[in-house]
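K.L.:
Those protein sequences? They're chains A and B, same order as listed.
Residues in the first sequence are numbered consecutively from 1, following the numbering used here.
Residues in the second sequence are numbered consecutively from 332, following the numbering used here.
These aren't lab readings, by the way, just hints derived from the structure by calculation.
Hints may contain errors.
List of simulated lysine-lysine pairs, DSSO-like, C-alpha gap at most 27 angstroms [what the hints assert, rightly or not]:
no.	chain 1	residue 1	chain 2	residue 2
1	A	Lys118	A	Lys157
2	A	Lys253	B	Lys421
3	A	Lys253	A	Lys137
4	A	Lys58	A	Lys253
5	B	Lys359	B	Lys433
6	A	Lys157	B	Lys586
7	B	Lys432	B	Lys421
8	A	Lys14	A	Lys253
9	A	Lys157	A	Lys111
10	A	Lys157	B	Lys479
11	B	Lys599	B	Lys586
12	B	Lys424	A	Lys253
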Amino acid sequence: MSQNIKLNLLEFEKPLYELEQKLEEMRALSHEDTGSDLSKTLQALEERVDELRESIYKNLTRWQRVQIARHPDRPYTLDHIDALTEGFVELHGDRLFGEDPAIVGGFGTFKGSRYGGKDQTVLILGHQKGRDTKTRKFRRFGMPNPEGYRKALRLMKMAARFDIPVITLLDTTGAFPGLEAEERGQAEAIARNLFEMARLPVPIVVVIIGEGASGGALGIGVGDRILMLENAWYSVISPESCSSILWRSWDYKEEAARALKLTAPDLIPFGIVDQIIAEPIGGAHRDPETTFEAVGRAIVENLTPLLSVPTQELLDNRLAKFDAMGTFSEV
Amino acid sequence: MSWFKRTSAGIKTQRGQQNDVPEGQWVKCQGCSETITRRELERQLLVCPRCQYHFKMSPTGYFNLLFDGDYEVFDDNIISADPLQFTDQKPYKDRLEATRKKTGLQDAAKAAVGLVGGYPISVSAMDFTFIGGSMGSVVGEIVARSIKRAYENKIPALVITQSGGARMMEGALSLMQMAKTSAHLTRLSEAGLPFFVLLTNPTTGGVTASFAMLGDIHLAEPGALIGFAGPRVIRETMGQDLPDGFQTSEFLLQKGYIDRIVDRRNLKDELAHLLALLLSK
Numbered sequence: 001m002s003q004n005i006k007l008n009l010l011e012f013e014k015p016l017y018e019l020e021q022k023l024e025e026m027r028a029l030s031h032e033d034t035g036s037d038l039s040k041t042l043q044a045l046e047e048r049v050d051e052l053r054e055s056i057y058k059n060l061t062r063w064q065r066v067q068i069a070r071h072p073d074r075p076y077t078l079d080h081i082d083a084l085t086e087g088f089v090e091l092h093g094d095r096l097f098g099e100d101p102a103i104v105g106g107f108g109t110f111k112g113s114r115y116g117g118k119d120q121t122v123l124i125l126g127h128q129k130g131r132d133t134k135t136r137k138f139r140r141f142g143m144p145n146p147e148g149y150r151k152a153l154r155l156m157k158m159a160a161r162f163d164i165p166v167i168t169l170l171d172t173t174g175a176f177p178g179l180e181a182e183e184r185g186q187a188e189a190i191a192r193n194l195f196e197m198a199r200l201p202v203p204i205v206v207v208i209i210g211e212g213a214s215g216g217a218l219g220i221g222v223g224d225r226i227l228m229l230e231n232a233w234y235s236v237i238s239p240e241s242c243s244s245i246l247w248r249s250w251d252y253k254e255e256a257a258r259a260l261k262l263t264a265p266d267l268i269p270f271g272i273v274d275q276i277i278a279e280p281i282g283g284a285h286r287d288p289e290t291t292f293e294a295v296g297r298a299i300v301e302n303l304t305p306l307l308s309v310p311t312q313e314l315l316d317n318r319l320a321k322f323d324a325m326g327t328f329s330e331v
Numbered sequence: 332m333s334w335f336k337r338t339s340a341g342i343k344t345q346r347g348q349q350n351d352v353p354e355g356q357w358v359k360c361q362g363c364s365e366t367i368t369r370r371e372l373e374r375q376l377l378v379c380p381r382c383q384y385h386f387k388m389s390p391t392g393y394f395n396l397l398f399d400g401d402y403e404v405f406d407d408n409i410i411s412a413d414p415l416q417f418t419d420q421k422p423y424k425d426r427l428e429a430t431r432k433k434t435g436l437q438d439a440a441k442a443a444v445g446l447v448g449g450y451p452i453s454v455s456a457m458d459f460t461f462i463g464g465s466m467g468s469v470v471g472e473i474v475a476r477s478i479k480r481a482y483e484n485k486i487p488a489l490v491i492t493q494s495g496g497a498r499m500m501e502g503a504l505s506l507m508q509m510a511k512t513s514a515h516l517t518r519l520s521e522a523g524l525p526f527f528v529l530l531t532n533p534t535t536g537g538v539t540a541s542f543a544m545l546g547d548i549h550l551a552e553p554g555a556l557i558g559f560a561g562p563r564v565i566r567e568t569m570g571q572d573l574p575d576g577f578q579t580s581e582f583l584l585q586k587g588y589i590d591r592i593v594d595r596r597n598l599k600d601e602l603a604h605l606l607a608l609l610l611s612k
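The task is simple: from the sequences and hints, build the whole structure.
P.N.:
Here you go:
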């Protein structure tokens, strides 16, 4: 286990980590010629580690998944783009006001051939978080201003003009709640994207890779297929804000996470998410390469059939898909 | 379609049926603190005759003031199914039941079709008294169907917004109502049918970030709070006080997000005039 992961250990992972450390020590010991046979102890310990890992990660609570989705080592949008594409060219600016580094996007070759499909030029874009103090600030913690949504829309309309499919990656705690964002029409920018994405005449595959909070996530989240990483979360509000509003205290985030039913398995029955992309045990950050592989395969699987659907049918299906979202009774 | 005859029984509506006005003969204006008689206030369509403060009006109030005569109410039989079986300090189910009982409403939106200045129009309106006018599956469905009804009958649509945003107790389903309603608007737009929005106090969150900002023409009542993030959240983010009049109708007009601010007492005439201009070419 790398030093990096040790530093960013989640609370519920600590017992596992301690046991893993013990196992490592034992292994090191067994490599030295101590004269005693450690193989039996070693084997027993390995079994205990496996059991504990299984019991922790197969029974993750919703709040624990939220924590994994926020893990500082989790692959972000540019990591996915780097792994999934070749020759990616990032494009900047909304042509109206400015450039927003909280959303990145550009054209590249999706290496579908690596994942059982074909290579394909795509527009790929998503929310981008930073990894250290400086880049987090630069990326505004992945919380876009209106310019981010308008840049995304500009690129999507360009993709449509050149008949290039779109892949969007969602990872945000929400649109930036700032004074200037309001002045420049945060609400209008998001609304416009919902409208234009609903009728964009090229296939759109959406992947929720980390956090998907509120209109800030949905603002680039309308598409034909909605895929979601196993430990990502997607809801109308973050558990913390929900706690503060409904419980009038920040202390009920675990209860809020439970009540919001914000995990991928929760959202499948409602038709909000089409497919869950499995993560390596422990979360995407434990084995990014395996994660990218799974994402790549899921994109191939979902994008390929869309490429041959006639445009009008594609758009009719997209409308029907979102029209069907909602659960109510008629009395 | 039989828009002009009331089909379902029991839709007796009174002009100016309100929700923001305290009980009693006399009402203190929330804008200027003047005391007004209830009768006078209702005659003024719940607008303070002195300071122009707009008290909140219910969907039924708007239907009565806008439509030329009778109108047909739709989808007043849809209620929340509590899809998440959500519980915070109390179960959502109980909250719904208590609110339905207290307000006599099924949920936070109503839809109707009628004539405005002789032009048929499909209208949906939100009601802040029902869990802050929040949008869950029911509100999303009512608004979406109202837009769809306009599209299918080749008539314009109007949404009157009054909402704190998406309803937390329905989680991601509430969020998806933003996409659902916006998706329906694409067809209306492509069919060349006008979509009007009337923004009233307050309109925030996911409602502003979807159909409320997608109108061909955005009308707003004076002094309404309109925004995406709430003022408290922004204040916390900025760590400073917000400028006077921030996120009001007047502010949005100045920033370019509202076409016109309309006094409720002129609303019907203004809408009828716009309909005539756009439709009788």
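K.L.:
Mind checking the alpha carbons of lysine 253 of chain A and lysine 137 of chain A for me, to see if they're no more than 27 angstroms apart?
P.N.:
holds (25 angstroms)
K.L.:
Holds or violated: are the alpha carbons of lysine 58 of chain A and lysine 253 of chain A at most 27 angstroms from each other?
P.N.:
Holds. Lysine 58 of chain A to lysine 253 of chain A sits at ~21 angstroms (cutoff 27 angstroms).
K.L.:
Are the Cα atoms of lysine 253 of chain A and lysine 421 of chain B separated by 27 angstroms or less?
P.N.:
holds (16 angstroms)
K.L.:
Mind checking the alpha carbons of lysine 14 of chain A and lysine 253 of chain A for me, to see if they're no more than 27 angstroms apart?
P.N.:
holds (21 angstroms)
K.L.:
Tell me if the straight-line CA distance from lysine 424 of chain B to lysine 253 of chain A falls inside 27 angstroms.
P.N.:
holds (21 angstroms)
K.L.:
Does lysine 421 of chain B lie within 27 angstroms of lysine 432 of chain B when you go C-alpha to C-alpha?
P.N.:
The hint holds at about 16 angstroms.
K.L.:
Keeping to a limit of 27 angstroms between CA atoms, is the pair of lysine 599 of chain B and lysine 586 of chain B held or broken?
P.N.:
holds (25 angstroms)
K.L.:
For the pair we were handed, lysine 157 of chain A and lysine 586 of chain B, check the Cα-Cα distance against 27 angstroms.
P.N.:
Holds - the C-alpha atoms of lysine 586 of chain B and lysine 157 of chain A are around 25 angstroms apart, at most 27 angstroms.
K.L.:
Between lysine 118 of chain A and lysine 157 of chain A, is the straight-line Cα distance small enough, at 27 angstroms or below?
P.N.:
With Cα atoms ~23 angstroms apart, lysine 118 of chain A and lysine 157 of chain A stay inside 27 angstroms; holds.
K.L.:
Please work out if lysine 359 of chain B and lysine 433 of chain B have their alpha carbons no farther apart than 27 angstroms.
P.N.:
Holds, at roughly 23 angstroms.
K.L.:
Need the status of pair lysine 157 of chain A, lysine 479 of chain B: alpha-carbon distance at most 27 angstroms?
P.N.:
Holds, at about 25 angstroms.
K.L.:
For the pair supplied as a hint, lysine 157 of chain A and lysine 111 of chain A, is the alpha-carbon distance within the 27 angstroms limit?
P.N.:
holds (23 angstroms)
Of the hints listed earlier, there is not a single one the structure fails to meet.
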